[in-house]
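Each chain, written out:
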Amino acid sequence: QKEVEQNSGPLSVPEGAIASLNCTYSDRGSQSFFWYRQYSGKSPELIMSIYSNGDKEDGRFTAQLNKASQYVSLLIRDSQPSDSATYLCAVTSSGSARQLTFGSGTQLTVLP
Amino acid sequence: DAGVTQSPTHLIKTRGQQVTLRCSPISGHKSVSWYQQVLGQGPQFIFQYYEKEERGRGNFPDRFSARQFPNYSSELNVNALLLGDSALYLCASRELGGGETQYFGPGTRLLVL
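For the record, the sequence lines run as chains A and Y.
Counting in the working numbering, the first sequence runs from 58 upward without gaps.
Counting in the working numbering, the second sequence runs from 4 upward without gaps.
Chain Y extracted, bound-state conformation (with noise of 0.2 Å):
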């Protein structure tokens, strides 16, 4: 079976952009998680979805966004990209009635310029 997917892989950017960033979870599993990793610290979390509605936020900015489409998955957006925005962006999906595991895809690497 597949796992979560993300992608693109690795993308650069340069300050005031926009990202999109995408992520499909695992098959059967209808909640997508999306997390931030600085170098040398834990995820943070920052938003997540199921039913493709927003069940929970971190302390993020609104220069954050994200939503989840009917097949589960789902974007993340970035406007107005600052400086230490730059990080590995992680998506995990779970499966709703099948306990608090969360599996994680291979991430988003973002630098920005």
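Here chain A stands alone, though its shape is the one from the complex (with noise of 0.2 Å):
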């Protein structure tokens, strides 16, 4: 059973506080790594994605990625109050389908 693992949390940080979210994978045959942040009764909204060992960073959000160590993490800088959401993991398959294998997700909650 290929899996992704994420901290359950909920985790919470003051406002303007790095928020810092970990997540570890089974599949060494995965490629695609993938952040996506949800809001309660709403869907998936893509954050990062990074394909390839060290950091990618847009805006206030950097993804890091280890191969070697089955690990991606997302850092959250100068956190705001509307970053609090559930934040899921995703890793592509290495198998034909490419399907997406989720983690069951962070509760962040930033607070003003």
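Rather than coming from a laboratory, the hints here were simulated on the basis of the structure.
Just so you know, nobody snuck in bad clues.
For lysine to aspartate or glutamate, the following EDC-like pairs were computed, each having C-alpha atoms within a straight-line distance of at most 20 Å:
no.: 1; chain 1: A; residue 1: LYS124; chain 2: Y; residue 2: GLU103
no.: 2; chain 1: A; residue 1: LYS124; chain 2: A; residue 2: GLU114
no.: 3; chain 1: A; residue 1: LYS113; chain 2: Y; residue 2: GLU103
no.: 4; chain 1: A; residue 1: LYS113; chain 2: A; residue 2: ASP140
no.: 5; chain 1: Y; residue 1: LYS55; chain 2: Y; residue 2: GLU98
no.: 6; chain 1: A; residue 1: LYS124; chain 2: A; residue 2: ASP84
Distance ranges between label pairs, derived from CB positions:
no.: 7; chain 1: Y; residue 1: LEU86; chain 2: A; residue 2: GLY111; range: 41 to 47 Å
no.: 8; chain 1: A; residue 1: GLU114; chain 2: Y; residue 2: ARG70; range: 37 to 43 Å
no.: 9; chain 1: Y; residue 1: SER68; chain 2: A; residue 2: GLU72; range: 43 to 49 Å
no.: 10; chain 1: Y; residue 1: THR12; chain 2: A; residue 2: PRO71; range: 33 to 39 Å
no.: 11; chain 1: A; residue 1: GLY98; chain 2: Y; residue 2: GLY19; range: 23 to 29 Å
no.: 12; chain 1: A; residue 1: SER126; chain 2: Y; residue 2: GLN20; range: 45 to 51 Å
Ideal placement from N, C-alpha and C gives every residue a C-beta, glycine not left out.
Each chain sits in its own coordinate frame; assemble them with the hints.
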């Protein structure tokens, strides 16, 4: 069973702080990695994608990938109350369907 | 540009009934995938279709079926509904040859009583 594991949380950080979200995956053949944000009652919204080892920055968001350790993380700098949501880590399978396998999500609350 | 659209937005059914959910992908996207998300969990893969053929299937019973039409829209059918089928059903589209990114529609929330 190919799995994606996330810190279940919930995670609370004060406004302006850095939020750190972590994810590990079991399928060594995975090539594509994603972070989605999901507000309560809404569908997942793509935040970041990362395909190669290292860091990828987009505004206040930085994704980090380490394929050797099978580890993906998301850093949110200058956290805002509007960042309060569940963050889902997703990994593309190595099979032909290339489906996404999701973790169970980390609930983040940014306190004003 | 319009994103992925799904209908209906909400649905209430009783056990044993059948349901059909619909999805239209982003214009130009030929791949459609269906996911089921139960409360408190991440989405689980049900099906992937492109070029009107099933390309992948998750660990779901045969009560679940789907198809893709020539315009790349898709339907998900669930027969003999169980209480445990209550969930948010998500459709995602992907541009073939344009990377692995999947974009999700707003979902259909199904409640089985």
